[in-house]
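**Student:** What follows is each chain in one-letter form.
Protein chains: 2
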Amino acid sequence: VRVLGIDPGYHRCGYGVLEQHGQQWRLLASGAVITDRAQSMALRLHALSRELDLLCRLHQPDALAIEELYFAKNAKTAMGVAQARGVILAQAAGLGLTIAEYAPSTVKSQLTGNGAADKQQVAFMVRRLVGGGLSPAADALDDELDAIAVALCHSLRGATPAANALLAASVGRRR
Amino acid sequence: VRVLGIDPGYHRCGYGVLEQHGQQWRLLASGAVITDRAQSMALRLHALSRELDLLCRLHQPDALAIEELYFAKNAKTAMGVAQARGVILAQAAGLGLTIAEYAPSTVKSQLTGNGAADKQQVAFMVRRLVGGGLSPAADALDDELDAIAVALCHSLRGATPAANALLAASVGRRR
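Those protein sequences? They're chains V and S, same order as listed.
Numbering follows the working numbering, with no gaps: position 138 of the first sequence is 138.
Numbering follows the working numbering, with no gaps: position 37 of the second sequence is 37.
The set of hints was computed from the structure by calculation and includes no laboratory data.
Hints are supplied without guarantee of correctness; some may be wrong.
As the list claims (entries may be wrong) - Label-pair ranges, simulated between beta-carbon atoms:
{"#": "1", "chain 1": "V", "residue 1": "A29", "chain 2": "S", "residue 2": "N114", "range": "40 to 48 Å"}
{"#": "2", "chain 1": "S", "residue 1": "D62", "chain 2": "V", "residue 2": "K76", "range": "23 to 31 Å"}
{"#": "3", "chain 1": "S", "residue 1": "R128", "chain 2": "V", "residue 2": "L141", "range": "15 to 23 Å"}
{"#": "4", "chain 1": "S", "residue 1": "A38", "chain 2": "V", "residue 2": "Q24", "range": "45 to 53 Å"}
{"#": "5", "chain 1": "V", "residue 1": "H59", "chain 2": "S", "residue 2": "L54", "range": "23 to 31 Å"}
Said to hold, decoys possible - Here are the computed lysine-lysine pairs in the DSS-like style, where the Cα-Cα straight-line distance is at most 27 Å:
{"#": "6", "chain 1": "V", "residue 1": "K76", "chain 2": "V", "residue 2": "K119"}
{"#": "7", "chain 1": "V", "residue 1": "K76", "chain 2": "S", "residue 2": "K119"}
{"#": "8", "chain 1": "S", "residue 1": "K119", "chain 2": "V", "residue 2": "K119"}
{"#": "9", "chain 1": "S", "residue 1": "K76", "chain 2": "V", "residue 2": "K119"}
{"#": "10", "chain 1": "S", "residue 1": "K119", "chain 2": "S", "residue 2": "K76"}
Ideal Cβ positions, reconstructed from N, Cα and C, are used throughout, including at glycine.
Required output: the full structure, derived from the provided sequences and hints.
**Tutor:** See the structure below:
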C-alpha cells in the first residue's frame, strides 16, 4: 500500500510518499510544494493542485493521510491553510484515493507512544523509520517531516498488531 | 462579459451566472450546488468541484466573483467554508477565469449605496436588477441571492460611470 502524507499549506505544502514492505517503510518521495508569493491565492491554489496531480500520477498512491482540520489561534493563517486543504481533499477524492484523517495527538501517539510528544520526538521517530530516504537534517523541514509522520501513522495503523510489535522491537534494536 | 458569482459552502454553494447587455443584466443560471451530508468532506468537495466544472463548461464565464475570506465567530463552519472556497478558487484559476474578490461591505455598497445594508435591501436590489431570471421568492434562498449579488457587484464595478448613472436612473424609474 502506498500512502501520500500531506501537511497542507498554501505557501509550503509538505508531502511524503511511503511504501510499506513488511516491517520496513520505504520513502519514495518527500519534500514540499512551494507556491509563488507574488501570485494571487487562486493561482497558488491551482499550482498546488497541479503539482499534487503530478505527484499522484508519478507515484500512484492508494491513500491520502492528512491531519484533521485544526482551529488555530491565528484565524487568518488557519483559513488560508483550510483553503489549501480543501483543494487537496477534493483532488484526492477525484483520483479515487482512500482518505484518512488523523488528529495530531493520534499521529504523535502512533509514532512515539505519547500523544503529547514534541516535534523533536516525532522527527526522531520519522528519521528512525524512513531515515534512509530522507534529505539531510538541514534540508528536511517541518512540513516535510509532518507529512511523512502522518503517512507513517496511517501505515502503522494499517499494520497488524504482530507487525507493530516487530516494529517496536526493531526500533528498539536500532537504538 | 459573463460573471459567475459564488457564495461558497460545502453543504450548499450558491451560484449565479450573469451577463451584461448595456444597462441590463441577464441571469443565465442561478441556484445552489448541494452536496450529500452522508458523504465524507473529501467526496463532497470533489462533487462541488465537478458541478462547478459543468457549470463553467455550460456557461463559459469570463470571471469569478466571490466574497473575500471572512473570519466568522463559528470557526468550525468558517474553516469548512474556507475548504470549499479553496476548491472554487483553484478550479476557476485552472479554467483561466479572472478572479475578483470583494469585501461584503463593497457588495452591499455597490448594490444599495450603503455598505451596512441588511440582507433584505440587498435581496430587493438583486430582484430589481435581475428579477426576470430569478426563481420565485420562496425558492431563491440566501446563498443564491448572495451569489448573484457578488456577480452584480463585479459587473457594476466594471461598468462605466455613465452606465452606472443610467442604471441608477432606471432603477429609480422602476420604483
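**Student:** Hint by hint, say whether it matches the structure.
**Tutor:** Evaluation of the provided hints:
1. V/A29 / S/N114: 40 to 48 Å: 54 Å, violated
2. S/D62 / V/K76: 23 to 31 Å: 29 Å, holds
3. S/R128 / V/L141: 15 to 23 Å: This hint is violated: roughly 54 Å between Cβ atoms.
4. S/A38 / V/Q24: 45 to 53 Å: 38 Å, violated
5. V/H59 / S/L54: 23 to 31 Å: The hinted range 23 to 31 Å holds for V/H59 and S/L54, with Cβ atoms some 29 Å apart.
6. V/K76 / V/K119: 23 Å, holds
7. V/K76 / S/K119: 25 Å, holds
8. S/K119 / V/K119: 47 Å, violated
9. S/K76 / V/K119: 25 Å, holds
10. S/K119 / S/K76: 23 Å, holds
The earlier numbered hints that this structure contradicts are 1, 3, 4, 8.
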